[in-house]
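Modelling step: build the complete structure from the supplied sequences, incorporating the hints.
Mapped onto the numbering used here, the consecutive letters of the sequence shown carry residue numbers 1 to 421.
Honestly, I wouldn't trust all of these hints.
[Claimed, not checked] Keeping only pairs whose Cα atoms sit at most 35 Å apart, straight-line, the calculated DSBU-like set for lysine-lysine is:
(1) K256 <-> K199
(2) K199 <-> K255
(3) K138 <-> K401
The hints are simulated quantities; they were obtained by calculation from the structure and are not laboratory data.
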Amino acid sequence: MPASVDHVRHAETMQLRVLPPIRVPEPEPEAEEPVQRKGGRDRYLDLLRALALGRVVLYHNFGWFWLPLVFPSMGVMFALAGSLMTRSLSRPALGVIRGRLRRLLPPMWLFGAIMITLQILDGWGPDSEGHPNWWWGKLAFWILPLSTPPYGDELGGFSGFEHHVEQTWAAQVIVPLWYLRAYLWYVLLSPLMLWALRKFPVVTLFTPLAVVIAMNTFFVDQEFVYGRVWETANDFAMFGSCWILGMAHQEGLLKKIPQYVVPSIAPLVMVAGLWYLNTRPVDPSQPTDIEAWPIAQALWSLGFVAMLLHVSPSWEQWPRPLERWNGLVSLLNSRAVSVYLWHQVALVAAIPLIDPLWNIPFFYTNLTWLLSSQWFTLLVAIPLIGLLVLSFGWVEDVAAKRSPRLFPYPRRQRGKRRAAE
1 MPASVDHVRH AETMQLRVLP PIRVPEPEPE AEEPVQRKGG RDRYLDLLRA
51 LALGRVVLYH NFGWFWLPLV FPSMGVMFAL AGSLMTRSLS RPALGVIRGR
101 LRRLLPPMWL FGAIMITLQI LDGWGPDSEG HPNWWWGKLA FWILPLSTPP
151 YGDELGGFSG FEHHVEQTWA AQVIVPLWYL RAYLWYVLLS PLMLWALRKF
201 PVVTLFTPLA VVIAMNTFFV DQEFVYGRVW ETANDFAMFG SCWILGMAHQ
251 EGLLKKIPQY VVPSIAPLVM VAGLWYLNTR PVDPSQPTDI EAWPIAQALW
301 SLGFVAMLLH VSPSWEQWPR PLERWNGLVS LLNSRAVSVY LWHQVALVAA
351 IPLIDPLWNI PFFYTNLTWL LSSQWFTLLV AIPLIGLLVL SFGWVEDVAA
401 KRSPRLFPYP RRQRGKRRAA E
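Below is the structure:
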């Protein structure tokens with residue numbers, strides 16, 4: 001009997017244990033702040049990239065010497081790319097490098113296929129440089145731009161358009177490819193640079209700057225200067241510190257130093273660049289262009305980028321005064337490689353489109369000031385840039401494994417900002 005009583009009590013106890021707990025109504029939670037997105041777009045960095053692209057177009061059209069001083073686009077673009085590369089390197093390095101190459105190379109391959117075809121139609125070929133075998137070998141740099149791809153220094157200007165197309169049109173169009181060459185080397189060496197930055201941050205940051213100073217101080221008169229190896233190494237060292245500074249920004253290293261350090265040191269670095277620039281032996285009647293002097297450009301760009309990254313507010317949403325520019329900035333960021341590759345083509349093509357207007361009496365008599373204005377060239381080139389990007393920009397979507405879009409202009413969602421507030 002006692003055993004059976006214990007068995008009944010044990011059963012009743014088990015029934016009590018499996019009963020669902022009584023839920024007491026809780027008060028509704030108060031509205032919380034939206035959770036910050038990790039890995040989302042930083043609108044401040046997007047704005048800097050858009051400004052850098054705009055400045056590149058203006059400089060290639062007008063050639064104003066003061067533009068690289070007001071906004072050193074190349075240093076800014078490399079710093080932004082270094083920051084994004086570092087964020088991606090939280091994944092296996094080989095996959096990240098492969099992904100970066102996949103995004104970079106297809107737009108360049110399309111650009112190269114068209115440019116090579118046009119140059120061949122204009123008389124360029126294996127015998128142009130006197131070394132046919134080397135010519136075929138150097139074409140490989142159009143596939144993997146470890147060095148500058150070959151091009152025709154002087155061509156005929158196309159039959160029937162000799163008076164409108166400059167013989168150096170290919171050299172002008174190919175100029176932007178140095179950026180892709182330097183970018184490729186930065187991507188390939190980023191895992192090593194990131195490791196060095198974490199181990200020896202100060203030494204790693206200033207090593208490229210020391211290299212470009214040494215190269216352009218002690219070896220500038222050597223025979224190998226301006227060769228392919230020198231050109232590649234010089235460009236890499238010139239903006240290497242900017243790339244590494246972007247990596248340090250992404251790693252949070254800049255936040256670990258006292259707030260007064262960057263605003264105290266960066267202006268001194270920029271002043272050193274200006275001092276070096278003003279001591280160069282140049283024509284006193286002509287303004288000195290900082291882009292012609294690697295040491296000055298490296299110093300100025302590094303100091304300028306350090307200030308921009310120090311101020312970096314990390315916008316997840318646009319400040320109200322800048323909301324109207326969201327569409328344009330987003331479009332430029334979605335087509336950054338295409339704009340950079342094709343803008344010089346548009347600027348070169350604008351000239352033969354304008355020249356026939358000189359033969360029209362009305363334009364020649366009344367609008368000479370307009371036809372000779374560089375602003376008019378830019379006005380003609382901007383729609384051409386849009387047309388070229390519209391025609392070829394979709395390759396960037398394919399390279400990024402996205403659905404191809406002809407015009408990736410973001411649609412504004414009404415009330416989204418108000419609802420967030």
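Evaluation of the provided hints:
Between K256 and K199, the direct Cα distance comes to roughly 15 Å. Compliance with the 35 Å bound is thereby established for this hinted pair. For the given pair, K199 sits about 17 Å from K255 by alpha-carbon distance, which is consistent with the 35 Å threshold. Taken as a hint, the K138 and K401 pair is honoured in the structure, with Cα atoms around 29 Å apart against an allowance of 35 Å.
Every hint from the earlier list agrees with this structure, and none is contradicted.
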